[in-house]
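> Between the sequences and the hints, there should be enough to build the whole structure, so can you do that?
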Amino acid sequence: MAKQKAHISFTLNRESAEVAFAPHKTLLEVLREDLGLTGTKHGCELGECGTCTILVDGRAILSCLMLGLDAEGRDVETIEGMADGAQLHPLQVTFADTGAAQCGYCSPGFLLAAKELIDKNAKPSREEIREAMSGNLCRCTGYIKIYEAIEQAAARMRGEEMELPHESVYGL
Amino acid sequence: MANSQDNGKPLNVVGKPFRKVDARAKCTGQTKFADDIFLPRMLYCKILRSHHPHALIKNIDLTKALALPGVVAIITGKDLPIPYGILPVSQDEHALCIDKVRFVGDPVAAVAAIDEDVAFDAMNLIEVEYERLNTISSIEEAIMIDEPRIHEYGDEANIHKKVSLEFGEVEEGFAEADLVREDIFFYEGNTHLPMEQHAAVAYLDTDEKLTLWSSTQTPHYVHRALTKVLEMPASHIRVIATPNGGGFGGKSDPFNHEVVVCKLSMLTGRPVKVTLTREEVFYCHRGRHPVLMQVKTGVKKDGAITAMHFKSFLDGGAYGSYGVASTFYTGALQTVTYEVPRYKFEGLRAFTNKPPCGPKRGHGTPQPRYALEVQLDKIAEELRLDPAEMRRQHLVKPNTVTANYLRIGSMGLGACIDKIVEGSEWKNKFSWNVPQAEATARSGPGAVATGSTSDSERKLPYGKGIGIACSSYICGAGLPIYWNNMPQSGVQLRLDRQGGVCVMCGSTDIGQGSDSILAYIVAEVLGIDPFDIRVVTADTDLTPVDLGSYSSRVTLMTGNAAIQAAERARELLTIAVAEKLKLPIENISFAERRAFDVENPEVGVTFAAAVVLAESKFGTIGTVGSYSPPRSPGKYKGAGVGPSPAYSYSAAVAEVDVDPRTGIVTVERVWIAHDIGKSINPMLVMGQVEGSVYMGLGEILMEEMTYRANRNLVHKIPSLLEYKSPTTMEMCDVKTYLIEDPDPNGPFGAKEVGQGPLLPVPPAVANAVYNAVGVRIDEVPIMPEKVLKAMRDKAKGGSGRFGPTSIPSVNWPEPLRVLTPAEGGDGREMPSVAVHS
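Sequence lines, in order, name chains A and B.
For the first sequence, the positions run 0 to 171 when numbering that gives the first Met the number 0 is used.
For the second sequence, the positions run 0 to 836 when numbering that gives the first Met the number 0 is used.
Keep in mind that the hints are not guaranteed to be accurate.
As the list claims (entries may be wrong) - Derived pair list, reagent style DSSO-like, types lysine-lysine, alpha-carbon separation capped at 30 Å: (1) K4(A) to K31(B); (2) K734(B) to K122(A); (3) K63(B) to K24(A); (4) K24(A) to K723(B); (5) K616(B) to K579(B); (6) K715(B) to K24(A); (7) K227(B) to K77(B); (8) K31(B) to K24(A); (9) K4(A) to K63(B).
To be verified - Negatives, chain B to chain A, calculated, CB over 12 Å: (10) G84; (11) E151; (12) Q293; (13) E566; (14) D656; (15) M829.
Simulated from the structure, these hints should not be mistaken for lab results.
Glycine included, C-beta positions come from ideal geometry on N, C-alpha and C.
Here it is, written out as structure tokens:
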């Protein structure tokens, strides 16, 4: 059962990385199984649920639909690289603080999709957030806390403080 | 009970929107789910599943598969001959089928290999010879067709369970009624669809201790099942529930894949992992039962119910699972919202050759709730009553016992209705002048949407509608799955001399935040910060038993156990601190990580110093707390399902837009009020309410488990793409009201929120659809084609109703008769009378 392993070099979470793997593997499998980065999740492995979303060259992609081989020379960002050292990304803080992560299984995918959104659009409207997140499924939250977390993080990144409305936290 | 209000002491933690204690791990990729576990020399398991819905296994040939390099072991049914099942009365599953398969997806053989690809290839080399059997595809067939039997047990050939209960003389009640309605409804099955596929890793180490890590909601029950099936002492088995990536009830059974990896590890001496594919998760199922229902309700002119007779027919799929409980649940909670003085329930669960159904969020109650609330809407229309006011007037009273002997404590449904009626501007929007819609629907697609002329008094334009529904849910099942006199929940606290506090409990966090609830409650009682606390849960080696995350039991039961454990620890600390400070015991209070004199707060010691004082005086500080629900007043056979320490209440108004050209229903907004008792953390409560509305929308608008319309019973859509569930684009705006009416049985007065708020959403939407376009869709989900069909029927002069029109004819057993409390009953069944003398 000798398998010819493929070998790639690429940028992974701002560091140069090399990895060898069975050439048919998806980038999702390479990240999880060959690089030990299990923060990226699988929900369907068919490109249907958005759970395995990562950033490649700053764009949100489904890592279950990309071959590991195609990551050669690319700039890949996963949930493990989202924080700046010990400093969490504002989205990670607000997702945690607002209850946008319930079971947390879809959260890495949402966080990276949201990062792409606010990297490109510093002040997204609720409608723009809805549309940008429409490729990611969450079965726990009903998405509302996710919208609020993204709005709050975007505000903080613009240097504005935004408290969640009282009704979002305590009800009407 | 250990329900501490701390003598009016202000609450520092309870009621505050702290983040969850594990929230940051979940946002940084650090949370380890079961499939994130990789152990040295780990093998990978794949399970061969039947592609026949019903067949005898004649022969299994492993020769080719075993010859594949990289294959380490293969097992079949004969390796695991002992049956198991979640309920003691339904021990009808084998980890791998022995002589017969019962649905497409039933497991037949399991491979352990050095990687997943080899395991997959080996699985496909296993040769199974089947002899096909005729299938049972529906409730009707199960009732009519005796042979072949799917199981050799059950009340009749293919009828798993048949129950009949009567509380008071329902016929007398119908005779007193001014109006008696009889309606038939069907609620299609749907599935949990957790984002995380089930996964498990097992390892039998060389000291003969077996560890199973699994995405299970019920590690204690899995522990028990493994002990039985593997014939291994429980003391040698450790079950660790990994954080569940969503459960919703779908990870509450002991599963074949869990047993299989344990056995494979025992045979190979290596760790073995299994991760189900998304397709396999659809076969695991245990989701919402399809239920056909007939409801007969008698009412007075003001809408007061005089009697109700509810019949339910459940399509159980191929195994028992929780089905007997599910059956009783379809008949249990009709009585806890509005007064139902006389009540009769007949329920039947059928075996069919489909993936087994079980508990999904609301377990057995969303289906009857939908039927009841839509029927009440029809009743209100016939009586020309406002459906919100009609419901409001006939609520069950707090601190009473229902006709079927459920003890109601706090009851905040009236306040819930008031909030949503006001918030939704119900009175400005609702009227019974529902559209006639002749002009539009007759001309079909492309026609211009205009209501008929009789719409002149409508308050909303044609196509826009508003509907209301209410509901209730249990806060924990009153009885455990297996009969015993032990607590349902245990908590152990360990305080160390550095001031560290560790809380240990068998409860399982499935994303709802149960780990955090333990930390908040212990922090409140001990006056420390919740983030100071180490929470250890769901590990049968380390944590006292909690029965699991099901039946909305966790906050109430673990919360009360945690209060007891924490109060016992605080008592030890209080004695030691009082002695040191030479103060009376009642002067010592705990807050802000200090123990201090209430009369002179600057006199005190740090929390850590208080632990040192207590440890010096008493030795190592550890306390326990436990919780057992109060005994239910119901003593009749079947009274075990329905009782609960408390009932939560919800009410919802839905506003919809129905496109008369396409039949597409868009839910624009839901106003929902939930009687939570007391929010331990309002932010988490909000999240549960919003998530429940979401899941309810999915059920009413699109989600369904359907099978190909031939006798092969292959799931039509076992994928996330084709099994439609709401994305951000389908999710509506939600306006949430939290009603706090503390319940004496709840920790700090808290009741459940994980399941109850789903219940009113489907019927509120169905009632709003009627209000919008004048058609009744008496079948869930409300797909566009059903709406169009009903509109065309109405345009042709028909009733404008879509839904089932008949129920199967069944020889029901003579009902178990129980006098109601109002009739002077004692909760026991009456002696049976021979009626056919």
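> Hint by hint, note whether the structure agrees.
Now the hints, each set against the structure:
no., hint, verdict
1, K4(A) to K31(B), "28 Å, holds"
2, K734(B) to K122(A), "24 Å, holds"
3, K63(B) to K24(A), "26 Å, holds"
4, K24(A) to K723(B), "28 Å, holds"
5, K616(B) to K579(B), "11 Å, holds"
6, K715(B) to K24(A), "28 Å, holds"
7, K227(B) to K77(B), "15 Å, holds"
8, K31(B) to K24(A), "22 Å, holds"
9, K4(A) to K63(B), "26 Å, holds"
10, G84, "26 Å, holds"
11, E151, "37 Å, holds"
12, Q293, "32 Å, holds"
13, E566, "28 Å, holds"
14, D656, "17 Å, holds"
15, M829, "46 Å, holds"
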